[in-house]
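One-letter residues, chain by chain:
Number of protein chains: 2
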Amino acid sequence: MKKILIAGTIAFDEVTTPFGYSGKMPGGSAVYLALSASLFEARVGIISVAGYDFPRHFLESFKRRGIDISAVEISDRYKSFYWKGLYYENMNRRDTLVTRVNALAHFRPRIPEAFTSPDFLILGNLHPAVQLEILNALNGRPRLILLDTMNYWMETTPELLRKVIQKIDVLLVNEEEARLLTGRYAPVHAAAKILKTGPRYVIIKQGEYGSVMFSNEGVFYAPAYPLETVKDPTGAGDSFAGGFTGHLAEYDSFGWNEMKNAVVCGSNVASFTVEDFGTRSLEKLNRKLLRERVGEYVKMTAFPLQKKFIS
Amino acid sequence: MKKILIAGTIAFDEVTTPFGYSGKMPGGSAVYLALSASLFEARVGIISVAGYDFPRHFLESFKRRGIDISAVEISDRYKSFYWKGLYYENMNRRDTLVTRVNALAHFRPRIPEAFTSPDFLILGNLHPAVQLEILNALNGRPRLILLDTMNYWMETTPELLRKVIQKIDVLLVNEEEARLLTGRYAPVHAAAKILKTGPRYVIIKQGEYGSVMFSNEGVFYAPAYPLETVKDPTGAGDSFAGGFTGHLAEYDSFGWNEMKNAVVCGSNVASFTVEDFGTRSLEKLNRKLLRERVGEYVKMTAFPLQKKFIS
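Those protein sequence lines, which keep their order, are chains F and E. Residues 1 to 311 in this note's numbering are what the first sequence spells out, letter by letter. Residues 1 to 311 in this note's numbering are what the second sequence spells out, letter by letter.
One or more of the hints may lead you astray.
You can't tell identical chains apart in this list, so a pair holds if it fits in one copy or across any two.
[Said to hold, decoys possible] Quick list of in silico lysine-lysine cross-link-like pairs, DSS-like style, CA-CA up to 30 Å:
#1 K79 - K2
#2 K299 - K167
#3 K63 - K196
#4 K63 - K284
#5 K193 - K299
#6 K288 - K63
#7 K63 - K84
#8 K84 - K3
#9 K79 - K284
#10 K63 - K2
#11 K196 - K299
#12 K288 - K299
#13 K84 - K299
#14 K288 - K84
#15 K163 - K2
#16 K63 - K163
Simulated from the structure, these hints should not be mistaken for laboratory data. Every value quoted in this text rests on a predicted model; they were computed, and no experiment measured them.
Work out the full structure, taking the sequences as your base and the hints as a guide.
Pasting the structure below:
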């Protein structure tokens, strides 16, 4: 089995959305990434730090999913990273009400022993300096490095972030971040500019509309699964990244068709995440449910036009 | 060949977008609908009115495309309907600066002689009373009636509009209009509610993101062709409707697969329209260019996941 190493936050989130209030719930990029990736045939390990206030049983449950948490630091001095946010009716927009960095401010990443040469590396949302430190600490280069970042780092540490972007294969950003990073408005133009700076693949997330992958091999458009209820978009991007990488690890191929399939898998995993607050829905997700939804998704996106129209 | 009867406006549009200023250009829903539908194997006729100021050569050019303009009224007293608008960087949003109804205020629809029993009827954006008058004036019911309407009629003549919606097969609206019409936020919910009021198909337009078709047979998601340049979104919805109906008329089938193909055709025709101001790009469009773009579109949306993942 291929190895996926994940770096990201372990945190508490507290959100209010048009559908209600979540309360203080376990979250963080490493949590969503690992839960999603562990749905696939792959070995998953985590680099992260939790505060002394983080529920032990929550992390212990990761072991039952085969997730390696041996290198996760549990701080005995600091609380966990905490984020409080507010989503509006258009869930593509959110406001941060409170951020407390806590344990994350003192974080020095440790690589799990079994993951010093991972096949896949997912750099979840973290300080670019920490991301670089992880890249330098590995033995050799992973076959595929995926980066999820956000506007905060583009604004505060653009030079360091650029160094990280030079070293990765897949960049995952939303439309606004793609614009901020490149100064180009249209996703097509922003992606073309990013593809010249290192990554071979750029995936632009469009929230409830889906996502689009750009590369020199082509463009692939994956609409989002149309949901009856989107209760809480938190973690959608990380769930996408985990499902995307999980699929590639399971099939161990980077052909263009497999990259497309990975986008579809990531998109469908994320569609579960947003159906309930925090990790609630993702924790209940299994292969059977995912397979059923992907089946529906295929029906909703396939059309036989090519056979008659294109000759 | 099947007959498509189109009712809509013949107008002057004047827009400013982030890409420039159009000047005063021929436009109107009937113009975009007819130009798009005439790309397909079908007979196309128009119900509309133009003012005395509308350029004759523009309408005459429709005859060369085989479009029946024999019932188009040319007012000798009034000017053409005129709309002036402003689009913002996010082209999904626009402001109306000036509307002058002019000739349209005095319009009594006339049915072209050869189109008293059309196979397809497209009711473009017009007063619902005029749309009802057209429906009542036809011999028998067309096999498929498509309605494009807008928030203005939902707010000013909701009862009359409801009567029209009861009589149609396909409703074409954007997300905001779907919400306004139903009071439901999620497209899935809005569509479900609309499907109980008459139409068998609801197509929700999502601008640069694409469109989604709902029916009791399923849901179909068609992302928009990712364009480098969107200069002017005016007429995109009508171009979609014309291409959609044109495809159905050409293949003369209403099976779910053909409905999906029609959405793809409509979406791709509209992708040309928005690449230049007014009807400029649409006027130059031909089957070869459309076929090439649909070919690209198929590559950008097809993925082979079903073969291995779903068993």
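Alpha-carbon proximity between K299 and K167, which holds within one copy, between copies, both or neither at 30 Å: So K299 and K167 pass the 30 Å test across copies only (29 Å; inside, 37 Å).
Alpha-carbon proximity between K84 and K299, which holds within one copy, between copies, both or neither at 30 Å: Intra 38 Å, inter 41 Å, cutoff 30 Å: neither.
Reference check for the pair K63 and K2, CA-CA at most 30 Å: within, between, both, or neither? Answer is within: at 18 Å inside a copy they meet the 30 Å cutoff, but 64 Å across does not.
Quick one: K63 to K84, C-alpha cut-off 30 Å, is that within a copy, between copies, both, or neither? Result: close within a single copy only, 28 Å intra versus 63 Å inter.
How would you classify K163 and K2 at a CA-CA limit of 30 Å: within, between, both, or neither? within (27 Å within a copy, 60 Å between copies)
Give the relationship of K196 and K299 under a CA distance limit of 30 Å: within one copy only, between copies only, both, or neither. Intra 35 Å, inter 23 Å, cutoff 30 Å: inter-copy only.
Indicate which option fits the pair K288, K84 if close means a Cα-Cα distance not exceeding 30 Å: within, between, both or neither. Answer is neither: 33 Å inside a copy and 53 Å across each miss the 30 Å cutoff.
From the Cα coordinates, with 30 Å as the cut-off, is the pair K79 and K2 best called within, between, both, or neither? Neither: 33 Å inside a copy, 71 Å across copies.
With 30 Å as the alpha-carbon cut-off, assign the pair K288 and K63 to within, between, both or neither. Cα proximity of K288 and K63: one copy only (21 Å, versus 57 Å across).
Identical-chain pair category, K288 with K299, by Cα at 30 Å: Both, since 17 Å and 28 Å are each at most 30 Å.
Regarding K193 and K299, is the shortest C-alpha distance of 30 Å or less found within a copy, between copies, in both, or in neither? Between copies only: 22 Å across chains, 34 Å inside a chain, cut-off 30 Å.
Homomeric proximity label, K63 with K196: Cα distance no greater than 30 Å: neither (40 Å within a copy, 49 Å between copies)
Checked against the numbered hints above, the structure breaks hints 1, 3, 8, 13, 14 and 16 and satisfies the rest.
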